[in-house]
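Undergrad: Here's the letter readout for the chains.
2 protein chains.
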Amino acid sequence: MDIITADSLPAAIAATAAEVEAALDVLLPEEPGPEAPLFAAMRYATLGGGKRLRAFLVMQSAGLFAVDRQCAVRVAAAVEMLHAYSLIHDDLPAMDNDDLRRGKPSTHRAFDEATAILAGDALQTRAFEVLADPDTHSSAEARCELVAALSHASGARGMCGGQMIDMATEGQALGAEDVARLQALKTGRLIQFSAEAGAILGRAGAHQRSLLAAYGRDVGAAFQIADDVLDAVGSAEEIGKTAGKDAAAGKATLVAVWGLDRARAQAELLAEQAAGHLDGFGDQAGLLRALAAHVVRRRN
Amino acid sequence: MDIITADSLPAAIAATAAEVEAALDVLLPEEPGPEAPLFAAMRYATLGGGKRLRAFLVMQSAGLFAVDRQCAVRVAAAVEMLHAYSLIHDDLPAMDNDDLRRGKPSTHRAFDEATAILAGDALQTRAFEVLADPDTHSSAEARCELVAALSHASGARGMCGGQMIDMATEGQALGAEDVARLQALKTGRLIQFSAEAGAILGRAGAHQRSLLAAYGRDVGAAFQIADDVLDAVGSAEEIGKTAGKDAAAGKATLVAVWGLDRARAQAELLAEQAAGHLDGFGDQAGLLRALAAHVVRRRN
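Quick note, the sequences are listed as chains A and B, same order.
Be aware that the first sequence starts at 1, since it is given in my numbering, and climbs by one per residue.
Be aware that the second sequence starts at 1, since it is given in my numbering, and climbs by one per residue.
This is chain A alone, in the form it adopts within the complex:
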């Protein structure tokens, strides 16, 4: 079973990417009038690119609890909107000042800074609007839990806090523990939310939800180390953004602390640990297991 699902992982990821892309296309329509650039920038930043790792985690974790696919895909779309907003703002001149994102001009380069700031703002708003909509779940309790969990994952005690730490410590030599905390906040919490989302949608018990949270935490950490490894060794062509940028910017990464070999080994370890949390979920978790192995071996 595992061999079959590992083989079918790329196709499954591609299928989810297409599904969430179609949902995003509907949830983020174009709009005429003087506000048109805002709507266009929201689409530009969100549609047509990205690995859709977070969406895939939502869809797979929802699959464990037989959640209605139309509901799950809305949550997957909301997470991708939240993620897209964070990328727009991270790329701004005042932040990481990155001209390239997913192999094309970043949003403030394709539009302008003001439109990019607003598009990020409105994408965050839209993510919560989608989650609170009755179409996302028949239970208001479940919808509120989604809003609570996503806001916690992405706010000052999550993603935004991680980005603040990243900027505040730029150029400083951090220890492994501090780097791990930074990354857990900056990218880990949103990945963890994505893995947990299925349990919230499926009204699962606290134990199952915490297992999926633990899986998400470990996969997120493994993913981030793999990302740092790619940044250190990859080419701009392979990863679709400027390579070697972390080192040039004096960013703290576990590759800088440990070196490439130990970082790679640690990522492998985390991936195995992630898969271990899924032992009780049986064959249905095959693609989540395969994903854990995949994130540390991917080339882009």
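Keep in mind the hints are simulated off the structure, nothing from the lab.
Honestly, I wouldn't trust all of these hints.
It does not matter which identical chain is meant; a pair holds if it fits inside one copy or across any two.
[As the list claims (entries may be wrong)] Below, a list of computed lysine to any residue pairs in the SDA-like style, where the Cα atoms sit at most 20 Å apart:
| id | residue 1 | residue 2 |
| --- | --- | --- |
| 1 | 251 | 284 |
| 2 | 251 | 17 |
| 3 | 104 | 152 |
| 4 | 251 | 34 |
| 5 | 104 | 87 |
| 6 | 51 | 12 |
| 7 | 251 | 37 |
| 8 | 251 | 113 |
| 9 | 251 | 134 |
| 10 | 251 | 112 |
| 11 | 251 | 36 |
| 12 | 251 | 33 |
| 13 | 251 | 232 |
Here the structure is a predicted model, which means the values were calculated and not measured.
Place chain B on chain A using the hints.
TA: The following block gives chain B in isolation, referenced to the frame of chain A:
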């Protein structure tokens, strides 16, 4: 009764401001560590200033339905967080480039641009987190309605859309209808939400909710025209921000379209119309009626 409540309006506004300030102080704690500047900037932008008009509307509309004050003040705090985020981002160099806000340096001047962008982002997130929390209302349905209504009011079809139109039409001669639409989106929708929030918290029927929405819409429009009048005639000392800035920036205002006298008359008319929507609410709506009259006569 009306005379008494009109007299007691300033004291009531001050009491609400103190109450929401205390709630914000708890909901936005300081935090040690490298993320400290983010938490400090969130507090800087939100605490210690502002008219708290939106908070007052929430508390007064909640009072019409005997909503628990501890619940209502959380919604009032959430609206003020959302409002503070919008001010931080509007003041950025790429947007309105304003160095002064509420009589003190704007957030990107007191901190830096990156911290200001992040503080705005995290304040938006925190607003939705507070609304989704069970402490805000025992009914998850009510909490979801609050999230849905606030996100609708503040997103691309509300506040963010209004700001986009404001930027996209800068320097253009707009007609009265276009200016009114711009202002309804940019500032009106959030004021409308504030007036509606009490009906959502009180699980009121659609009719009462729509009356309060209409009141909020008219008060918001009157408030904005009064604001434009103040900008045109006021001094920086009186309004706590740079005066005459709208005209200098070529911003579209109804003062520019109509001239001062007609703009003032229109604001008065809207204020009367706003009060008219409250006819069915009796004496308990006295302060809301007084507020409608007050917003067009205020000096700052």
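Undergrad: If any of the earlier hints don't hold here, list their numbers in rising order.
TA: 1, 2, 3 and 9
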